[in-house]
Each structure stands twice: as C-alpha cells, then as structure tokens.
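Novice: Place chain E on chain Y using the hints.
Number of protein chains: 2
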Amino acid sequence: MAEKFVSERNIRFLLYEVFDVLELLKYPYYAEHNKEVFDMVLDTALRIGKDMLYPVLDEMDKDQPELVDGKVKVHPVVREFMRECGQGGWIAADAPFEHGGQQLPVMISLVSNFIFAAANYSASVYPALTTGAARLITTFGSQELIDTYVPKMFNGEWQGTMALTEPQAGSSLADITTTAEPTDKGYYKIKGQKIFISASEHDGVENVIQLLLAKIRGAPAGVKGISLFVVPNKRIGENGELVPNDVNVTGIYHKLGYRGCPINQLSLGENDDCRGWLVGEPHKGLMYMFQMMNESRIGVGMGATAIATAAYHAALEYAKQRPQGRRLTSKDPTLPQVPIIEHADVKRMLLFQKSVVEGSLALLFQCSKYRDLEMVLEGEERNRYSLLLEILTSVVKSYPSEMGILSVSQGLQCLGGYGYCDEFPLEQYYRDVRIHPIHEGTTGIHGLTLLGRSVTRNNGKAFQLFVEEVSKVIGTAEKDTELKPYAAQLKAAVDRLKAVTTYLVGLAIKGDAELFLADATLYLEMFGIIAIAWQWLLQGITVQEALGSGPIDADLNFYKGKMYALRYFFAYELPKIEVLAARLEKSDGLTVEMQPELFEG
Amino acid sequence: MAEKFVSERNIRFLLYEVFDVLELLKYPYYAEHNKEVFDMVLDTALRIGKDMLYPVLDEMDKDQPELVDGKVKVHPVVREFMRECGQGGWIAADAPFEHGGQQLPVMISLVSNFIFAAANYSASVYPALTTGAARLITTFGSQELIDTYVPKMFNGEWQGTMALTEPQAGSSLADITTTAEPTDKGYYKIKGQKIFISASEHDGVENVIQLLLAKIRGAPAGVKGISLFVVPNKRIGENGELVPNDVNVTGIYHKLGYRGCPINQLSLGENDDCRGWLVGEPHKGLMYMFQMMNESRIGVGMGATAIATAAYHAALEYAKQRPQGRRLTSKDPTLPQVPIIEHADVKRMLLFQKSVVEGSLALLFQCSKYRDLEMVLEGEERNRYSLLLEILTSVVKSYPSEMGILSVSQGLQCLGGYGYCDEFPLEQYYRDVRIHPIHEGTTGIHGLTLLGRSVTRNNGKAFQLFVEEVSKVIGTAEKDTELKPYAAQLKAAVDRLKAVTTYLVGLAIKGDAELFLADATLYLEMFGIIAIAWQWLLQGITVQEALGSGPIDADLNFYKGKMYALRYFFAYELPKIEVLAARLEKSDGLTVEMQPELFEG
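These protein sequence lines map, in sequence, to chains Y and E.
Using numbering that gives the first Met the number 0, the letters of the first sequence correspond one by one to residues 0 to 600.
Using numbering that gives the first Met the number 0, the letters of the second sequence correspond one by one to residues 0 to 600.
Isolated chain Y (complex conformation) (with noise of 0.2 Å):
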C-alpha cells in the first residue's frame, strides 16, 4: 500500500500561500518556532501516516475491538501511535510550554491531526481526544489535577475522554442523571451510567482519564446543575500504583465504521466506590466542557475532511489507471480504451470531491488560523476572533460531515462496482465519514445552535464579523479580471444570506420560536455553502497571484486545478443556495404543523 492520502503541496498552499502561517512568528507567542520547525512537523507527520498508520487501515477494521472480561483489546498499533504522539510531543503540540506541550500554532497541529486522520481515522482519534481532555484539565483545572494527570497524557500513557451522553440523554445533556455525592476527602463519589464514549477503555494505554458530566447531590435542574469530573479508570493508591476505580465498561458498540476505536458504554460506580474530582467550580461544567466540544467539531470537521479527502486521492488514482469506453467523439470499437478521468462525468465527479474537500480544508485553515489570533490578542481584537470562532464552529462541523458523505459517496461511484467491495478503500471510507454527522451534536442540534444561538446573540455581532470577513475577500478578488464574476456572485450570496437572516430574526422577535428555527438545518447547509465559496475565492487570490508571477511548471497545473474546482464549486455548489433561501423566506410552518399520527398508514 503506497497509495496517497493527502496533498502535501495542496497542504503547503494553504498552510504558507493562503494563510500564512509565518505571520504568526512575528507574535513573542510563536517566536521560538521557524519554518523549519513546521517543515519538520509537516514530514514527520507524513511519514507516521504512510508508515505506521495507513498500512492498518483495513487491519483496524477488519480486526475491531471486542470487549472480552471487562476489558477492550485495540489493535497494537494503537499503543505504538499513542507512545509515538507522547514521546513526538503530538498530543501537546498546540499546549502552551508552561504545560510541558510544544506551543505551536493550531495551524500547524491542525496539519499532524489531518494527516493522521487521514491516513487512519480510528487511529487519529485516541491522541486527538487526550489533547483535548488534557486541555480542559490545564484550563479549568486544579494545579494537583494538572500535576496528577496532565504529563501522562501528554506523554500517551494515558488516554482522555469526554464522557457527556447517558441512555436517556443523548442530545439533551440537560437530563443527564449521573450523581456526584460529595466526601470530606476532596472528591467525590461517582454513580451512573454513560454511553458512545469513544475509547473510554482499552489495552493501548495504562489508564483512560474520563472527563465527566455529573449532578452534584441537590443541584439545580438542567443543565445549571451539570459539574465536570475528572474520574480516571484507575486511580493512584496510597503507594502510587494504579487501582480500579469502580468504573465498568458493560458494553461495545458494535458500528458501521470507525471500527477502530472502541466506543463503550460504562457504568461508574456499581460498587459504591468510584471516585471523581471536581474541575473547577460546581455547576459550571457544561461551560468548560463546551471549550473542549467547541474544539471537538472542529476535530469532526476535520475528520470528516480527512477521510473524504483520502477517498477523493483514491477515486482519482483509479480513474488515472482505469481504462473503460472511449471518448463520445470517437466511440469505433477497435480503437483501445481511455482511461475514465477522460470522461466528462467522471471529472465532474473528482471536480465536486476536489472542491468539497478542499474547500472545507481551508475552511479549517481559516478557524485555526482564528484561533491562533485569539490566543495572542488581546480585549477587542481576540473578542473578534472568539466571536468568528463560535458563529463558525457548528458551520466548520456540519459542512464537511454532511458533504463529506456526499464527496465520499461520489468517489466510491468512481470505481463502479470496485468500488463497493473491501479490495479498495472506498467502502471503509464510506462507513467511517457516516459517523461525522452524529457525533459532537447532530447536524439538527447545529442547525439550532447556529441560528437559534450564535447568529441571534450579542445583537448578531458575530454574523456582522463573517459577514466582514467575507467581505474583504470580496473586495480584493473585485479587483482582479479573472476572479470578479465571482466575487459578484459571492456578494450576491452573502446579501441573500443576510436579507433571510433579517426574515428569520424577524419572526424570533415575534415570539414564534418553532417557526423561526424550523427550517434551521437549511440555514446551517446555506451558511455553509457560502463559507465555501468565501474560502474558494480566497484560495482564488492566492492562485491568481501565483500565476501572475510565472510558477514553475508542475505548480502552473497545481493553480489551474485550484482555478477549476474554484469554477465548479461557483457554478455547482453556490447556486444551490437560491433554493435553500426561498424555502426559508416562505416559512410556511410545514414541519411544525404535521402532525405525527399522520404519519401513520
């Protein structure tokens, strides 16, 4: 298997042409790193995805974890990738130096998580998920919590979790039921049942870290009663060596992908002496937990746009080699056959993957690209990019899960009937990007959060910041010849998206909330078309300057292919708006009014 999963020079454009991530060593933050620095992290993270992680792909999910007496068995290279991420500072790439991490731009560890999730989607997920849990500990946490837990995570001898979904609260953590009874020793006494907690339990580490949603005793109802815990699967002893700490895995889910990472269901306490520390103050841990969710779509969005990229390599390699029929200008039987990427639907078909995934990877680019801004700036100009980042996050989430099922499934289609049988990669994909859609809040609950919450809050300052932002590259692609269509039809777009904005709002303020949100899933598909097409044509400035100053000549086919997709996704993509924005203003109350015994028969 030698097979590409990833564009490095797609990866270099974004990571140095479009956003520059040089820049950002201008900042005392950043300015011990170099060019260098993240050349290096770029080649070793290639190297671990085609050396380590890309040969198991299909071992990982053939070979899924089974729960056998209580205890999880991953595949080796599970254990070998967590050490690699330990001892290669991955796990604590974007962690600032006084926790012991590497500091680097999220940009940057962007780019390891990509490559990785690409190469191996379950394999990406055990590292990434300590990253975060291990971050919330640092944010929120006690320095004896940091001290406790932090360098073993880091170091990927411990793995860490969230662990938020109960049975009767998978969407709605505001009914969750698990109990925190408080002690006089400084922790508590943790009992409950959590479900779909993705490597929560498994032999590729010494310890798993739950970060855990609980009820301390006598809390307010809701989610203003949640608390957030730290309860490890074993906890020190008195002497130092690691004891069970009463939490049960009772179940392994048993699912369509993402084979390779174990997703259990656990109950904690079953013996009365499962033990949790507090992070932080009582009550407030769903506000903490939302820093680590809020990174956690962005990890989905991204995992989705690394699988979906990886089937698009894939797709296309097979239609280089593939010979089968001939041109439509030239079918005489005798002549030999051509390779399908000569065929018109069959680049359409690459056309509409390259633009999806490599729109929704700059789309990444661009939210941690904010995120690095907003760890170095400071009052209005970090509110800024805090602001970009929320109204964002469900948009950075939910584009690519749902179009990557798509772009994947068009890239299965390449392969015909090859396509749907394991000698190619195209079915794993298939089931793996599935997941994307569900976890970290469904696309339904982002609609929701998107217009209900970050559209509507603070007198919708952060939808007049994207708008901005969006346009700026407007204004600059205006300005030259070949982009200013575009930068027309994009203006056109956002207008469309402001003016159905303003109806929406509108009937918020009349008070008919299921109304106004009704429909909130097409706002979230229209919001994220247009997010698109702002990073395409921002992509669109970088190529149209790279030609205007001679590239060389595999690089001139690397812009025009930039052009080409920027082309489809405008002609394609964009239009599809138009009907997202008339069904919007009409609001007709469809779905509101049916009732569900009408759909009985």
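Derived by calculation from the structure, the hints in this document are not laboratory data.
No false leads were mixed into what you were given.
The calculated lysine to aspartate or glutamate pairs, modelled on EDC-like cross-linking and capped at a C-alpha distance of 16 Å, are:
(1) Lys3(Y) - Glu599(E)
(2) Lys559(E) - Glu592(Y)
(3) Lys319(E) - Glu596(Y)
(4) Lys188(E) - Asp271(E)
(5) Lys319(Y) - Glu599(E)
(6) Lys559(E) - Glu599(Y)
(7) Lys559(Y) - Glu599(E)
(8) Lys559(Y) - Glu592(E)
(9) Lys330(Y) - Asp174(E)
(10) Lys575(E) - Glu577(Y)
(11) Lys575(E) - Glu572(Y)
(12) Lys319(E) - Glu599(Y)
(13) Lys3(E) - Glu599(Y)
(14) Lys330(E) - Asp174(Y)
(15) Lys319(Y) - Glu596(E)
(16) Lys61(E) - Asp62(Y)
(17) Lys585(E) - Glu572(Y)
(18) Lys559(E) - Glu596(Y)
(19) Lys330(Y) - Glu513(E)
Which chain Y residues face chain E? A few, computed with CB under 8 Å, are given here:
(20) Ala220
(21) Tyr252
(22) Gln323
(23) Asp344
(24) Tyr567
(25) Phe598
Here a beta-carbon is modelled for each residue, glycine too, at the ideal position from N, C-alpha and C.
Specialist: Same frame as chain Y, but now just chain E:
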C-alpha cells in the same frame, strides 16, 4: 423482530386507488383474475416477508456467503425461499400461462417483489434474477431451450442469472472478450472471464443457468458482435444427470452490503469443456439482453425503494418511541422529555423519506402499469407505452437509487448514535442501498442513455409522450382548489424541462456531442425530480377525491399525511430543478475542458 418494513395501506392505496389494477381485468389476458386473487398475493407476500425473510435480515448480513473449494455456501433460507417462490408461483407470477406462469399483472408481481425486497433485499434477488433470466429464454430461445431450462427455473430448483461484466469491460460491453466457438453438435464452446455476477453459484439451488454474453469467433467488433448464450453451471448428461459444465468460481467479492447474495467471479472453459447454447440469432445478444436489463433496471429502482422504505419505517418507529429534549416553546427541564417525532427537524427528515419512498413507489407502479398495458394493447397504443417505458427506465432506476441513499441516510440520522450501530437495521440498510446507483448501469451511464438516446430518438417522440402524460395529470389537478397551486408549479417545471431539452438537443444538432452530454447526469436528476412530482400530484388527485367523500378516521390520517408529503415534495424538492436547469443551460464545458493532469498536486 416484529417491526414494520412496508406500509400495507400505502400499497393498497397505489394498487387499487391510484393505479386501479382492477381496470386491467377487462382485458382478456388478465380476465381470469379478480380482486380476491390480488389480495391473496398481497397477504401471502406480507406473511412470507414477515415470517421467512425479515427475521434473517441480520443473519444473512453477518454470515455472508463464502467460497470454499469452488463452492459457495449461502444461508439456508435461500433454499427455503427459492422453493417457496417456485411452488407458490412467485418466480413465474407475471409469465404467461403458456409458459407455466400465473399471468398476473406486473403491478401485482411488483407488490410481491417489493415486499420481499423490503423484508430482505439480498434474499429477494435470487428469485427475481431467475424470473428475468427465464423470461429471456421464453422470449428469444428455441422451444428446446425453453423445455430444458424454464420449468426448473420457474419451480425454484434452478437459479437464473445475467452474466455480462468482464474485468476489462464494466460499463463498456463493446469490449467483452468471452468467446464462443461453434461446434457441429448444436452447442458452442465458451471461454472467458466474468466478474460481479450475482448468485452465479450457490448451494441454495441444484443448478445455475447463466444468461451470458459472448462473441462468436469472427463476429464484428463492438456491441454488434455480441451474442447471447445459455450456459448452465451443470449441463444435462447423456442419461439426464447433471454433469459439471466447466464453469468455475474463481472469486467471491466481499462487499459493503447486499451481503446475503454472493457476487462471484467466474472462469468459463478453463478445461475447454464449457458448453453454451445460442439464444435466438447470432450477434443480437445485446438487443435481447436489453429486455432483461430493462426489467432489471426497474427492479433496481424497486430494490432501492424497498430498502429505503424499510429504513423509513424503522426510523419512524424509533422517532415515535425515543424521548429526547423538549418543545422549543417549553424548555423547562423539570418537564418530561417528548418523543423526538415532536421536533420539527425530525418531522422534516421523516417527510423527506416519506416523499422519496412513496413517490418512488408510485413511479414504479406507473411503469408497471405501462408494462401491463403494453402487454395487452396493440399497434400505436402499445407503442405509446413502450416508448414511455423506454424514457422512464433510466429515471425509475436512478431516482430511487440515488435518493434512496439519502433517504436511508436521513433515516439513520433520526436514530442518532444508535443509527450507526448494528443493534438497529439502519446501518445495514445504509450499506445495502449503496449498490443501486452502480449495478445495471451506473447513474452516469443512465444520464447518457436518457439524454443521448431515449430523449432524442424518434424525433423526441418518447419525450413528447412523457410530457403528455404529466400534462394530463396537471390538467385534472388544476380543477381542484387544493391542488391547483401544485399543478401550476409542476406545469412550470415541465416547461423548464422542455426548454432545457430543446437547448441541449440544439447542441447535439450542432454536433457538439461532448458539450451536449457533459451534464447528462444533472439532466437525469432534473427529469427524476419532475417525474416524482408528477407522481405526487397524481396521488394528490386520489387523495382529494377520497377526502371529499369523507373517509373513515384511520384513513383520514393516512390521506392527510399524503397531502403533507406532497406539500413537502413541492416545497423542498421540486424547486431544486431550477439550479439544475440553470446549470444545464449554461453549458460552459467546464468538465469537458478540465484536463486530467490539472488534478495533480
């Protein structure tokens, strides 16, 4: 497992109320039947689906067929079901009495095939393939071939298949290289490789009869040199015993879904002892095969619709039972949670599924009715239905296949994390349904077929007939106050389709074949949406009549639900044609122009 996988009410609605199958009884060909017979077919099919097929849905997926020593072992239910289908007359249901069939309307065999496929798609394929293969022999074969093979196929002892695809010739049948060497003994010696042949060897039957395409030595190049042969896996020896016919299974595919039915790779004539019998005349094989392919294509659309229907009912069931969250208007966390079917976004997902699956099923009934009328009419009238079938075949194959994927995906989404796990059947449906845009011609091929052949042939006669059929329904609907706006919307859509067609055909006339067909897949998509809207409006007419005559209470909900699904389709789906039309009329040749090397980088 006692879950619902089809709606009997909806089948009865389409069969008796919308398409009035009893109307066929006036033709002598069907005169021996009556409503009691049809009801009995429906009841029996439901019972077989419920008792025999649905209970092993999961098992057949998990214990997939394996190739051991050249033999393929399948689930024991295959043998049981094939016997049942033979003895119950299901395989020969719509075959004429003279060939030992039941001479039932195709609409009736659609009902049973649909029920079987919804209960267990993989199982349903075995008899369905046999029906098609037997019909090829009865239509084009000699009396000797008919007598030798058909009775055992109809009674379920022997399996029929269609063996077209070869390693170097998937979508391009012109390139098949399997050879047939004439002998002076009445048979040909067959030599070659076939791939992706469903059910081409298994232990659920005594013998498998391949309807196989090959080229007689010296035949013209391309599709004009293809002949059709009967090639049994075991031929009849001198004493009437079955002897091996040198047909060897060299591989079995491991597939994403559709796992209960083996797809094999075959090697024919390895020992120079594979005998095939010519069907009809030499070099006419492709024309003959198209009969079976066209039936199979309708069958593929039916299979996709059936799987998506089962997924819809599973999602609906879950949505009614799963409590999660609260209404937007009463978010008090101390109140009990509501079933998720109360949420507008879940209702939207369910309405999407309902509109797709019930719209698709209506189109399948429509095509089946055309087949029934084609059977009993003569001359110009008969020709009318043949042409309508020709133009609709690609549509009724592709719309359900493509939209079935999205429909099942939305069904899976309704279940959240559980949809991704194998405790519920959604993840299997999601895998099973993905085959349909691939087999019996990919969606891309059908786009080319529809626009490049069916629409343009005979001076656009078939297209004109299609417009007439739709216009008839519009004309009736216009007279109903409730339906009038939908009639107007569909009329505008048909006008748009006419304009786009004229524009595209103009390109063909100018000789620009590549530009003409560049976006044929989008044309197919547009055509499909309009065809389904037509079927919804047709159903709407029946619904309005029923509502006008004061239906009983249970029926009131059913009819009202139909109106919501109709409204949904016209509000959310039909408007999508505008984006497609706009793109088709632009035809800037983006995908023709894009060069393969520009994908590099």
